[in-house]
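Peer 1: Spelled out, the chains give:
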Amino acid sequence: MSSQEISEAESLRHEQDAHGTEVAEHPFADPGLPPHKPRKQDIDERAARRSERAVALLFTVSMLATIGFIASFVIFPVDKIIYVWPLGHVSATNLSLGLTLGIALFCIGAGAVHWGRTLMSDEEMVDERHAVAATPEVKAKVMADFADGARESAIGRRPLIRNTMFGALAMVPLSGVVLLRELGPLPEDKLRKTLWSKGKQLINMNTNEPLRPEDVAVGSLTFAKPEGLEEHAEDFNNQIAKAALMIVRIQPDDIKDRRQLEWSHDGIVAFSKICTHVGCPISLYEQQTHHVLCPCHQSTFDLSDGARVIFGPAGHPLPQLRIGVNDKGYLEALGDFDVPVGPAFWERG
Amino acid sequence: MSTTTATETKRKAPAGERVADWADGRLGIYSLAKANMRKIFPDHWSFMLGEICLYSFLIIILTGVYLTLFFHPSMNEVEYSGSYVPMQGIRMTEAYASTLDISFDVRGGLLIRQIHHWAAVIFLAGMFVHMMRVFFTGAFRKPREINWLFGFLLFVLGMFTGFTGYSLPDDLLSGTGVRFTQGAILSVPIVGTYISMFLFGGEFPGHDIIARFYSIHILLLPGIMLGLVVAHLILVIYHKHTQFAGPGRTNKNVVGMPLLPVYMAKAGGFFFLVFGVIAVIAALFTINPIWALGPYRPDQVSTGAQPDWYMGFAEGLIRVMPGWEINLWGHTLVLGVFIPLVVFGLVLAAIALYPFIESWITGDKREHHILDRPRNAPTRTALGVAWVTSYMVMLIGGGNDIFATHFHLSINSITWFVRIFYFLGPVLAFIVTKRICLGLQRRDRDKVLHGRESGIIKRLPHGEFVEVHEPLSQAQLHSLTAHEQYKPAHLGPVTDENGVKRKLTRGEKLRVKLSKGYFADGNQIPKATAEEYKEISEGHGHH
Amino acid sequence: MKKLSARRRHPLAAVVVLLLALAATGGLYAAFAPADKAQADETAQSLAIEEGKKLYAVGCASCHGTGGQGTSDGPSLVGVGSAAVDFQVGTGRMPAQQPGAQVPRKKNIYSQAQIDQLAAYVASLGAGPIAPTEKQYSPEGADIARGGDLFRTNCAQCHNFTGEGGALTKGKYAPSLEGVSEKHLYEAMQTGPQNMPSFPDTTMPEKEKKDIIAYIKSVNGDETPTPGGFALGGLGPVSEGLFGWIFGLGALIAVAIWVAAHTAKAKKS
Chain A
1 MSSQEISEAE
11 SLRHEQDAHG
21 TEVAEHPFAD
31 PGLPPHKPRK
41 QDIDERAARR
51 SERAVALLFT
61 VSMLATIGFI
71 ASFVIFPVDK
81 IIYVWPLGHV
91 SATNLSLGLT
101 LGIALFCIGA
111 GAVHWGRTLM
121 SDEEMVDERH
131 AVAATPEVKA
141 KVMADFADGA
151 RESAIGRRPL
161 IRNTMFGALA
171 MVPLSGVVLL
181 RELGPLPEDK
191 LRKTLWSKGK
201 QLINMNTNEP
211 LRPEDVAVGS
221 LTFAKPEGLE
231 EHAEDFNNQI
241 AKAALMIVRI
251 QPDDIKDRRQ
261 LEWSHDGIVA
271 FSKICTHVGC
281 PISLYEQQTH
291 HVLCPCHQST
301 FDLSDGARVI
311 FGPAGHPLPQ
321 LRIGVNDKGY
331 LEALGDFDVP
341 VGPAFWERG
Chain B
1 MSTTTATETK
11 RKAPAGERVA
21 DWADGRLGIY
31 SLAKANMRKI
41 FPDHWSFMLG
51 EICLYSFLII
61 ILTGVYLTLF
71 FHPSMNEVEY
81 SGSYVPMQGI
91 RMTEAYASTL
101 DISFDVRGGL
111 LIRQIHHWAA
121 VIFLAGMFVH
131 MMRVFFTGAF
141 RKPREINWLF
151 GFLLFVLGMF
161 TGFTGYSLPD
171 DLLSGTGVRF
181 TQGAILSVPI
191 VGTYISMFLF
201 GGEFPGHDII
211 ARFYSIHILL
221 LPGIMLGLVV
231 AHLILVIYHK
241 HTQFAGPGRT
251 NKNVVGMPLL
261 PVYMAKAGGF
271 FFLVFGVIAV
281 IAALFTINPI
291 WALGPYRPDQ
301 VSTGAQPDWY
311 MGFAEGLIRV
321 MPGWEINLWG
331 HTLVLGVFIP
341 LVVFGLVLAA
351 IALYPFIESW
361 ITGDKREHHI
371 LDRPRNAPTR
381 TALGVAWVTS
391 YMVMLIGGGN
401 DIFATHFHLS
411 INSITWFVRI
421 FYFLGPVLAF
431 IVTKRICLGL
441 QRRDRDKVLH
451 GRESGIIKRL
461 PHGEFVEVHE
471 PLSQAQLHSL
481 TAHEQYKPAH
491 LGPVTDENGV
501 KRKLTRGEKL
511 RVKLSKGYFA
521 DGNQIPKATA
531 EEYKEISEGH
541 GHH
Chain C
1 MKKLSARRRH
11 PLAAVVVLLL
21 ALAATGGLYA
31 AFAPADKAQA
41 DETAQSLAIE
51 EGKKLYAVGC
61 ASCHGTGGQG
71 TSDGPSLVGV
81 GSAAVDFQVG
91 TGRMPAQQPG
101 AQVPRKKNIY
111 SQAQIDQLAA
121 YVASLGAGPI
131 APTEKQYSPE
141 GADIARGGDL
151 FRTNCAQCHN
161 FTGEGGALTK
171 GKYAPSLEGV
181 SEKHLYEAMQ
191 TGPQNMPSFP
201 DTTMPEKEKK
211 DIIAYIKSVN
221 GDETPTPGGF
231 ALGGLGPVSE
241 GLFGWIFGLG
251 ALIAVAIWVA
261 AHTAKAKKS
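Protein chains in written order, with the UniProt record's numbering: chain A, 1 to 349; chain B, 1 to 543; chain C, 1 to 269.
Take these hints with a grain of salt, some might be off.
With a cut-off of at most 25 angstroms between alpha-carbon atoms, the simulated BS3-like pairs for lysine-lysine come out as follows [as the list claims (entries may be wrong)]:
| hint | chain 1 | residue 1 | chain 2 | residue 2 |
| --- | --- | --- | --- | --- |
| 1 | A | K37 | B | K39 |
| 2 | B | K240 | A | K139 |
| 3 | B | K142 | A | K139 |
| 4 | C | K53 | A | K37 |
| 5 | C | K265 | A | K256 |
| 6 | B | K503 | B | K516 |
| 7 | B | K458 | A | K139 |
| 8 | B | K252 | B | K501 |
| 9 | B | K365 | B | K487 |
| 10 | C | K265 | A | K40 |
| 11 | B | K503 | B | K434 |
| 12 | B | K252 | A | K139 |
| 13 | A | K141 | B | K365 |
| 14 | B | K534 | B | K365 |
| 15 | B | K39 | B | K240 |
A few chain B residues that face chain C, going by a derived Cβ cut-off under 7 angstroms, partial list only [what the hints assert, rightly or not]:
| hint | residue |
| --- | --- |
| 16 | G108 |
| 17 | V121 |
| 18 | S215 |
| 19 | L260 |
| 20 | M264 |
| 21 | K266 |
| 22 | T286 |
| 23 | L293 |
| 24 | G399 |
| 25 | I402 |
Since the hints were derived computationally from the structure, they do not count as laboratory data. Just so you know, these numbers come straight off a predicted model, no measurement behind them. All residues carry an ideal CB built from backbone N, CA and C; glycine is no exception.
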């Protein structure tokens, strides 16, 4: 061992010798709570008075802030916008009410805590703990009482009562479960069908007009809904949640998937806009790579290759809608999607 | 009792006392106050984390009640005609329209909304940190395991209350979150489609979900939470607060300041401080500007679609999971969504059950009221840090698009990073944390045996330079050696005293193995013993 | 606050070669683009083309070829039209500086007159979308709310609710729309620069583009109110969560430390 340890060990011994009586039997023994030392406020009345004034000042500021809150509420119109650096153009009501309320509350708290810290006794006190568990005597008494009660109820001797009671109690919640049946309809084939059917024209979501093939340029992105679905319809949201369509045009030579090409019209392809992962409307189309990315969980599909999944958590390609052109020259569906749109589910198969 | 004495007392007593007497005659408040009025609480800043949660919960309830006065939980569609110009004439649900009204046409409505939401973000963050404080100091040990579970339940229920709450305005962001929930429910084998139909009252989005979330958000979940908070607090008072080791602080006492008056002032004041800070934040910083998001429509979406932070790790799990899907016998097992759903539950269950696992390993049946310093439980601390690491890695996964644009990274690279580090990160964190803990334990041991480095350099007569080490005070020596160290469990002899082969259950073998992993040599540094100390301090064994 | 969030977008670090950068910027547009109107003042026009050609030879020819036919470093400019030139050069994207996943917006080094000359020259190589006039892109009198609805259908998926921008695959991104001029917004929709799809007049008429521009300017302009206070970048729950943790919980813990700390003891005399 090095000499530095000698010196510190020696000095330690010196100190212990100096304190004499403090050399305990066990060197790590608990010396007990240190003696309480007074704060400035405890011995200097002027310091205590300063604390008192500070606490009173805080409480007074709180009162003023509350008056400020009421005044702001009365003064500022609800739509008043003011410029405050560096926040920006903010609502005068929100800012003034929030700051005054915040100050009013904070000052009460700060005052109370300052009072507690400087003027209330800070002498540490000791509470004894008691075991949570009961003593054996108490436990014995409880067990005896319980045995008495059980015996007097005769539940052990009359199993018929016991069994029927348990049966009744077990069954009665079933009523509640049965009532929950009314929460909604059965799934049936609701997840398999959309509004699309043979002959329905593709309506441009922007213009509410049917689309012509020549409207759809290579590199452009268009969204469509089925003919007859209006935005103010009662079930618009339920229907568009399944029927929303994303339309892009790809040079036919660039389409790698044979079926995709067959189901397109002159390079115009219509895919479901609903992600097959958990149903976000997917539409982050990169016109040079033909990749489409989902903004929610980053599933990436290749629209030039049957909307195959190339990255992310989606499990299967986006369903394609088979399209053609009707005799008026508008794009139309040639049927419903052949697979369910949106997230996969147990019965999807 | 003579009537005269009774009337005399009544006449003499001040008004406050008379009211108290009246109440005591009916409620027995004096006996209650006798036990609790001067209840002792120890002083430590980390013991106030729970109070941050309690107070933000109260703030949420107060502001939430105000919001219900103006909010219409209805999915009936209306054409907006309020004062926010960029939405005028847009079709939206009443839920969204009334939230716009609260934000623009109710004086102070926006402030209350923002206080409500900021308080919720802070409530959940506070619960997380509070839970970690309890974990890393071992405050969950007997007799507090049930209270740990209550706290855990509050955290989980808080997550779902938050989720149902931010979904209520029916804006485009939260609606996307509800859509995600529906997609996740669909992935549940066999019953998924049924649960979805029943929850939404038919197909997504339907016309019921907001009203249903509303009653869950304002009644069902907060009702349960309120009950749990009360039970949590009663148990804290009943068990009395834990404390760190120190002079005069034992497993059989609690040292601190009395409830009346000090904690009345400090804890009561802290409520106002928390409320004040949150009110100022709500005055200065926007949260969830639903007017900028637009009403929900299932065919619209925005990039940067994230849930609030406490759902972020579930979002991360779902984002980085590969898209596995198994089709068999006409059925689809959507593993790409269902596995994250299960992992979400397992991650939470792991932390919830930890106290029971640890007490099984140690086999310790005693009560513990003295907190561990994290370094003195190296394996537990390392496990905790590993858990937090996996949680944080998933938070990065949940925000991968925002991190991609702001750190100029590829979203695909971040996803791969998260996929790998979800497994690697916790392992590294475990190893590093354990080493740090052992290092700190060694330092404590050195400090006890050789004193504190004083920074004073002394030259000895023969020319050597040494640093003078100052011995620690008795109080410090006690504090640094107060912790107990477990001995690893042993399987014991293979045969019993009669020579018959003992039967060892597999569980027992596992327990012994884990116990060695926790407490064997190399997994903790033996603390300095009195003998070692005496030997050094008496100057034996040198040179 | 708007200034702050503007600084967060800087040139991207290199990941992929420049090759992708300007490929087919409206290059495939020619098929459906409206035919060039006869020019009224032919002499002025031919003068502009001459000047543009000189500028082109200096700033563009090394990548796009001396006659705009394209090289391995840059796509053909035949048929991209003046709108594409005005957008690419006007936003400083062209001439490109360094290879990367995407060519970033930067300080424009040409005057508007020079850009017009360049555009005139490129437009002379083949018919393409024509740079819009102020009457076309000015949001005067447009329907902001309708623009918002269109924005959420067509744009928000990449550019975020209020045009703060967002991530695309492999380091590409949809840029922030903050501070982008009305004309450039219009041209971007018209031509579909880089990986952005185009929104031609046939599927998104001029009136709707104006509505969208009006909406962007109303929710992401210098004067846009953020009633609730500082907007934290307008990025949603990620920035809110970080703020709540660091500043919200941080402030409360700081307060808790003060509350729990022992009051200073009087010095021993």
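Peer 1: Among all the numbered hints in the text so far, which are the ones the structure does not match?
Peer 2: Going through the list in order, the structure violates hints 4, 5, 7, 8, 11, 14, 16, 18, 19, 20 and respects the others.
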